[in-house]
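Participant: Once you have looked at the hints, place chain B on chain A.
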Amino acid sequence: MSFIQAFKMAVKSIRSNKVRSFLTMLGVIIGVSSVIAAVGFAQGSTKSITDTISSMGTNLIQVNIMGRNSNRNVTYNQIKKFSEENSVDIAAVAPQSNSSATVKYGTNTRNTSVLGTSPDYQEIRSVYAQQGRFLIQNDLEGMQKVAVIGTAVVNDLFEGTNPIGEKVKINGQLFTVVGILEEKDGGQDEGADDIVIIPVTVAQRLFRSGTIRNFSIQATGPETVESAMKKLEEFLAKTYKDSDAFRVFNQAEMLENLDSMTGTMTAVLAGIAAISLIVGGIGIMNIMLVSVTERTREIGIRKAIGAKRKNILTQFLIEAIILTGFGGILGVAIGLSIIHFIIGGFELVPEVYSIPWVMISFGISLGVGVTFGLFPAYKAASLNPIEALRSE
Amino acid sequence: MIEIRNMSKIYRIGDVEVMALNNVSLDIEQHEFVSIVGPSGSGKSTLMNMIGCLDVPSCGEYYLDGMLVSGLSDDQLANIRNHKIGFIFQGFNLLQKLNAVENVELPLIYQGSSARERYERSVEALKLVGLGDRIHHKPTELSGGQQQRVAIARALVGNPPIILADEPTGNLDSKSGKDIIYMLKELHSTGNTIILITHDNDIAMEAGRIVRIQDGQINEDRMVG
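Residue numbers (my numbering), protein chains in the order written: chain A, 1 to 392; chain B, 1001 to 1225.
The shape of chain A in the complex, shown without the other chains (with noise of 0.2 Å):
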């Protein structure tokens, strides 16, 4: 008896039995579906947090302060200084000085987040004016009070009225608005487009803040990063004398612990799928030994007729494997659809298809039906042919 015969005979069962089929093939569906739909989750907000951060680039450095000694210091001037000299590796360098503070335009006030800083820091971070200009090297020495303004900023204070050259009160002094910053989050009350960007300069004289805390600095390429952060390291310690007082960072290690970190998430809602995908499994055997039982009478006349045991096993193992692998092309589907509409289509995360994930978790499906369909195809091919006659 040939293979394509073996299958055409499992087909005509399934068929013929079709609820119960369907009902068999639903915990596999379920199963694979969910593998699917939570691998694409997780690899979904894998994506938009690496998006964020690769955003940056890659050949970013950071460099925080953390010591309180304020006797040795390191100015922004310091820096600037240093990273000249060493333009083989760093190409730019751009202060942070964080802080946040009351904006108020006519009657509408709103606390936001003020960042002091320079005008390199457009072109390390990406943040770009949409309108009018960004900071220029000027503002910073003329210690010039202007304000370059976050999206969220704009809708919450203006309300329609161009911002440019529009003033605003920052903690009560005067800043000129000079330019509107590139939507980033969407306008969103919180997060990115939150912020006012002014003159570092200023920003110190405002805060009273005479210590930079934060250094955004670009190496001048990905390959320069190491060397770059190397000097960095050199040039704080001398500085400080404590290597606890600084910390030099890197986007990449950034990435790398954070792979890590979506590893382990995927890995742990792809198991809890896979555990249903077990279950389905066995509601598979469950199924297939009722149909054994129930079907005793046609193996004894299959067998009195001429079938061997090859072939009762192989009728009833193809009979799961087409139910598991129908039920994971199903589950597949499924799965793909929810990333699409569900997941895609609230915008929950971006997509994201692993086609690896996808032919694992219908592999599995494969071999969750050999697995647990043999034990019955087995109890099926071992029937003594006389017996199952004589059974009703």
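No lab work stands behind these hints: they were computed from the structure. Even glycine gets a Cβ: it sits at the ideal position worked out from N, Cα and C. Hints should not be assumed to be uniformly reliable.
Derived lysine-lysine pairs resembling BS3-like cross-links, with alpha carbons at most 25 Å apart [claimed, not checked]:
| id | chain 1 | residue 1 | chain 2 | residue 2 |
| --- | --- | --- | --- | --- |
| 1 | A | K12 | B | K1097 |
| 2 | A | K8 | A | K18 |
| 3 | A | K230 | A | K81 |
| 4 | B | K1097 | A | K379 |
| 5 | A | K18 | B | K1138 |
| 6 | A | K230 | A | K241 |
| 7 | A | K310 | B | K1097 |
| 8 | A | K241 | A | K80 |
| 9 | A | K81 | A | K241 |
| 10 | B | K1138 | B | K1178 |
| 11 | B | K1127 | B | K1178 |
| 12 | A | K184 | A | K47 |
| 13 | B | K1097 | A | K8 |
| 14 | A | K18 | B | K1097 |
| 15 | B | K1175 | B | K1127 |
| 16 | A | K80 | A | K231 |
| 17 | A | K12 | A | K379 |
| 18 | A | K184 | A | K167 |
| 19 | A | K379 | A | K8 |
| 20 | A | K8 | B | K1138 |
| 21 | A | K310 | A | K12 |
| 22 | B | K1127 | B | K1097 |
| 23 | A | K80 | A | K145 |
| 24 | A | K12 | B | K1138 |
Not everything, but these chain A residues come out facing chain B in the computed CB check (under 7 Å) [to be verified]:
| id | residue |
| --- | --- |
| 25 | Q5 |
| 26 | I301 |
| 27 | A307 |
| 28 | P385 |
Label-pair restraints from in silico Cβ distances [what the hints assert, rightly or not]:
| id | chain 1 | residue 1 | chain 2 | residue 2 | range |
| --- | --- | --- | --- | --- | --- |
| 29 | A | I272 | B | E1120 | 53 to 61 Å |
| 30 | B | G1041 | A | V11 | 41 to 49 Å |
| 31 | A | I329 | B | H1199 | 51 to 59 Å |
| 32 | B | L1068 | A | V19 | 48 to 56 Å |
| 33 | B | H1199 | A | T293 | 27 to 35 Å |
| 34 | A | T293 | B | G1041 | 21 to 29 Å |
| 35 | A | T371 | B | R1222 | 57 to 65 Å |
| 36 | B | G1170 | A | S391 | 13 to 21 Å |
| 37 | A | T371 | B | G1041 | 40 to 48 Å |
| 38 | A | S391 | B | N1219 | 28 to 36 Å |
| 39 | B | L1068 | A | T293 | 31 to 39 Å |
Facilitator: Just chain B, lined up with the frame of chain A:
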């Protein structure tokens, strides 16, 4: 054709041993039409299972076409059943989910015939038993007599030399029963060896030879007609 030598079959039911066949010897020649008769519990079903290679004896030998059958493996027995024996059962034993032609095809499937050959031969066999117009009917859509005719078509489609009929008329009205017996006689006349198991003396008389079995032993073996 069939040579049975000193065959015994002992069943063990709990602690009790039941001797279903007790030292039976029987020869059946090619082209014979033999009735095996006996009351229920006489051992005739056991004998039929032995002849049909569905069961193996506890002791004794069984030669089919000169080949020693007792002692073969399950799969080898399946092969012999497939090629040498056509079964006709009292309860028809058709697969309810398959239609007439699909049921008739079954022995050919296990012989490994091609789909086309299978279909053609099955339709031919169904025409032979007068069901050429009912090949796509399911068993539930056929009368008892028609179902038994499908079973006969299934038994003869693989051209087995031996047709083994176990109470083929038991579930039928007398008219349909007569048709079936007539058909068996037709098969006999075309060269098949027919072994008919029955408890009905009138039907047994249709055969050329009657073997009467009682308490696991043959107590009468005579030619008739």
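Participant: With reference to the structure, classify each hint as holding or not holding.
Facilitator: Verification of the supplied hints:
With a CA separation close to 9 Å, the supplied pair K12 of chain A and K1097 of chain B stays within the 25 Å bound. At roughly 15 Å between alpha-carbon atoms, K8 of chain A and K18 of chain A fall within 25 Å of each other, so this suggested pair holds. Pair hint K230 of chain A plus K81 of chain A holds up; C-alpha atoms about 17 Å apart against a cutoff of 25 Å. Using a Cα cut-off of 25 Å, the hinted pair K1097 of chain B and K379 of chain A holds, with the two alpha carbons roughly 22 Å apart.
Our distance criterion of 25 Å between C-alpha atoms is met by K18 of chain A and K1138 of chain B, whose separation comes to about 18 Å. A hinted pair counts as satisfied when its Cα atoms are at most 25 Å apart, and K230 of chain A with K241 of chain A qualifies at roughly 15 Å. With a CA separation close to 22 Å, the supplied pair K310 of chain A and K1097 of chain B stays within the 25 Å bound. Distance hint between K241 of chain A and K80 of chain A is fulfilled; the C-alpha atoms sit about 20 Å from each other, no more than 25 Å.
Straight-line distance between C-alpha atoms of K81 of chain A and K241 of chain A comes to about 20 Å, which keeps the hinted pair within the 25 Å bound. Straight-line distance between C-alpha atoms of K1138 of chain B and K1178 of chain B comes to about 23 Å, which keeps the hinted pair within the 25 Å bound. A hinted pair counts as satisfied when its Cα atoms are at most 25 Å apart, and K1127 of chain B with K1178 of chain B qualifies at roughly 19 Å. Distance check on the hinted pair: K184 of chain A and K47 of chain A sit about 16 Å apart at the alpha-carbon level, within 25 Å; holds.
A distance of roughly 14 Å separates the Cα atoms of K1097 of chain B and K8 of chain A; the hinted pair therefore holds under the 25 Å criterion. Taking the CA atoms of K18 of chain A and K1097 of chain B, the gap is near 13 Å; set against the 25 Å cutoff, the hint holds. Distance restraint check for K1175 of chain B and K1127 of chain B: the Cα-Cα separation of roughly 20 Å lies within the 25 Å cut-off, and the hinted pair is therefore satisfied. With a C-alpha separation of about 13 Å, the suggested pair K80 of chain A and K231 of chain A falls inside the 25 Å cut-off, and the hint holds.
For a cut-off of 25 Å, the pair hint linking K12 of chain A to K379 of chain A stands: about 21 Å separates their Cα positions. At roughly 24 Å between alpha-carbon atoms, K184 of chain A and K167 of chain A fall within 25 Å of each other, so this suggested pair holds. Annotation: proposed proximity of K379 of chain A to K8 of chain A holds, straight-line Cα distance about 21 Å (limit 25 Å). Restraint check for K8 of chain A and K1138 of chain B: the C-alpha separation of about 18 Å stays at or below 25 Å, so the hint holds.
For the proposed pair K310 of chain A and K12 of chain A, the alpha carbon gap of about 19 Å is at most 25 Å, so the pair holds. This hinted pair checks out: K1127 of chain B and K1097 of chain B have alpha carbons roughly 21 Å apart, not beyond 25 Å. With a C-alpha separation of about 22 Å, the suggested pair K80 of chain A and K145 of chain A falls inside the 25 Å cut-off, and the hint holds. Restraint check for K12 of chain A and K1138 of chain B: the C-alpha separation of about 14 Å stays at or below 25 Å, so the hint holds.
Hint status for Q5 of chain A relative to chain B: holds, with the closest Cβ pair at about 6 Å, below 7 Å. With 7 Å as the threshold, the beta carbon of I301 of chain A comes within range of chain B, its nearest partner Cβ sitting at about 5 Å, so the hint holds. Because the smallest distance between the Cβ of A307 of chain A and any Cβ of chain B comes to about 5 Å, under 7 Å, the interface hint for this residue holds. Annotation: P385 of chain A was flagged as interfacial toward chain B, and the flag holds, the nearest CB pair being 5 Å apart, inside 7 Å.
Taking the beta carbon of each, I272 of chain A and E1120 of chain B are about 55 Å apart, inside 53 to 61 Å as hinted. The hinted window of 41 to 49 Å between G1041 of chain B and V11 of chain A holds, with their beta carbons roughly 43 Å apart. For I329 of chain A paired with H1199 of chain B, a C-beta distance near 54 Å keeps the hint of 51 to 59 Å intact. Between L1068 of chain B and V19 of chain A the beta carbons are some 49 Å apart, a value that agrees with the proposed interval 48 to 56 Å.
H1199 of chain B and T293 of chain A have their C-beta atoms about 31 Å apart, which keeps the hinted 27 to 35 Å range intact. Between T293 of chain A and G1041 of chain B the beta carbon distance is about 28 Å. The supplied range of 21 to 29 Å therefore holds. Checked against the hint of 57 to 65 Å, the pair T371 of chain A and R1222 of chain B passes, with Cβ atoms roughly 59 Å apart. At roughly 18 Å, the beta-carbon separation of G1170 of chain B and S391 of chain A lies within the given 13 to 21 Å, and the hint holds.
A C-beta distance of roughly 45 Å is found between T371 of chain A and G1041 of chain B, which places it inside the suggested range of 40 to 48 Å. Checking the proposed 28 to 36 Å range against S391 of chain A and N1219 of chain B shows it holds: the Cβ atoms sit about 32 Å from each other. For the pair L1068 of chain B and T293 of chain A, the beta carbons lie near 35 Å from each other, so the given range of 31 to 39 Å is met.
The structure meets every hint from the earlier list without exception.
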